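Generate the whole structure from the sequences, applying the supplied hints.
Line order of the protein sequences matches chains B and C.
Just so we're aligned, residue 88 is where the first sequence starts under the numbering used here, counting upward by one.
Just so we're aligned, residue 1030 is where the second sequence starts under the numbering used here, counting upward by one.
Derived by calculation from the structure, the hints in this document are not laboratory data.
Model, not experiment: these values are computed from the prediction.
Heads up, some of the hints might be wrong.
Stretch-level coverage of chain C by chain B, calculated; a stretch enters the list once three of its residues show a Cβ under 8 Å from a Cβ in chain B [unchecked claim]: (1) 1048-1061; (2) 1082-1089; (3) 1093-1106; (4) 1134-1145.
Glycine residues also receive a C-beta, built at the ideal position from the N, C-alpha and C atoms.
Below, each chain spelled out in residue letters.
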Amino acid sequence: GNSVTQMEGPVTLSEEAFLTINCTYTATGYPSLFWYVQYPGEGLQLLLKATKADDKGSNKGFEATYRKETTSFHLEKGSVQVSDSAVYFCALRGSARQLTFGSGTQLTVLP
Amino acid sequence: EPEVTQTPSHQVTQMGQEVILRCVPISNHLYFYWYRQILGQKVEFLVSFYNNEISEKSEIFDDQFSVERPDGSNFTLKIRSTKLEDSAMYFCASSEAGGRGQGQPQHFGDGTRLSIL
Chain B
88 GNSVTQMEGP VTLSEEAFLT INCTYTATGY PSLFWYVQYP GEGLQLLLKA TKADDKGSNK
148 GFEATYRKET TSFHLEKGSV QVSDSAVYFC ALRGSARQLT FGSGTQLTVL P
Chain C
1030 EPEVTQTPSH QVTQMGQEVI LRCVPISNHL YFYWYRQILG QKVEFLVSFY NNEISEKSEI
1090 FDDQFSVERP DGSNFTLKIR STKLEDSAMY FCASSEAGGR GQGQPQHFGD GTRLSIL
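Below is the structure:
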């Protein structure tokens, strides 16, 4: 079946540092890939997505590139802010509509 | 921006009691979902619903669970006889129509925290 493996957290960075959160997946066919973010006390918000190989999703300074050869969808941001502190979830959608999530990575950005 | 709304935000129920979690999906969306997240664990898919019937369900979604769209706006999850292990955050989501390859994103509510005593 489908699975998503996500970098273990928590991750603590200083403001303006570079962020990478690793995500790899296992799926048959051609899944769509997503990053969701969960701020404290809130639900899951779509951050970005990519639907085919070599697509780059981007939003709010975050980027992730769909790499089929390495089955990866790593999340990056060049300069994090305190307001980026949240839990980040990598997810895929395969042939069925359901999402398969990674375990989530807690990010804390210190001023 | 339209959003998915869930009520209540927190539900406390005695073991063995029935509970109904409510969701109002985004109005032009046609697909509806329930997920749950047990504390410290992954977000897990429970069920998807389209055209007034279940389209997919996971092995978690056993006979104690049911879903319903009782009117044109609400989407509910009922747990018939709650167990301690049902304690979790339950998320509702909805998405537009469109082929599976189009990557239609699912939009999530803020969740209902269910605590079984």
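Status of the hints after comparison with the structure:
1. 1048-1061: violated (count 1)
2. 1082-1089: Since three or more residues must qualify, the claim that chain B covers the region 1082-1089 of chain C holds, with 3 doing so at under 8 Å.
3. 1093-1106: Our answer is that it is violated, as 0 residues pass the Cβ test (under 8 Å) against chain B, missing three.
4. 1134-1145: holds (count 7)
The structure does not agree with the numbered hints 1, 3 stated previously, though it agrees with the rest.
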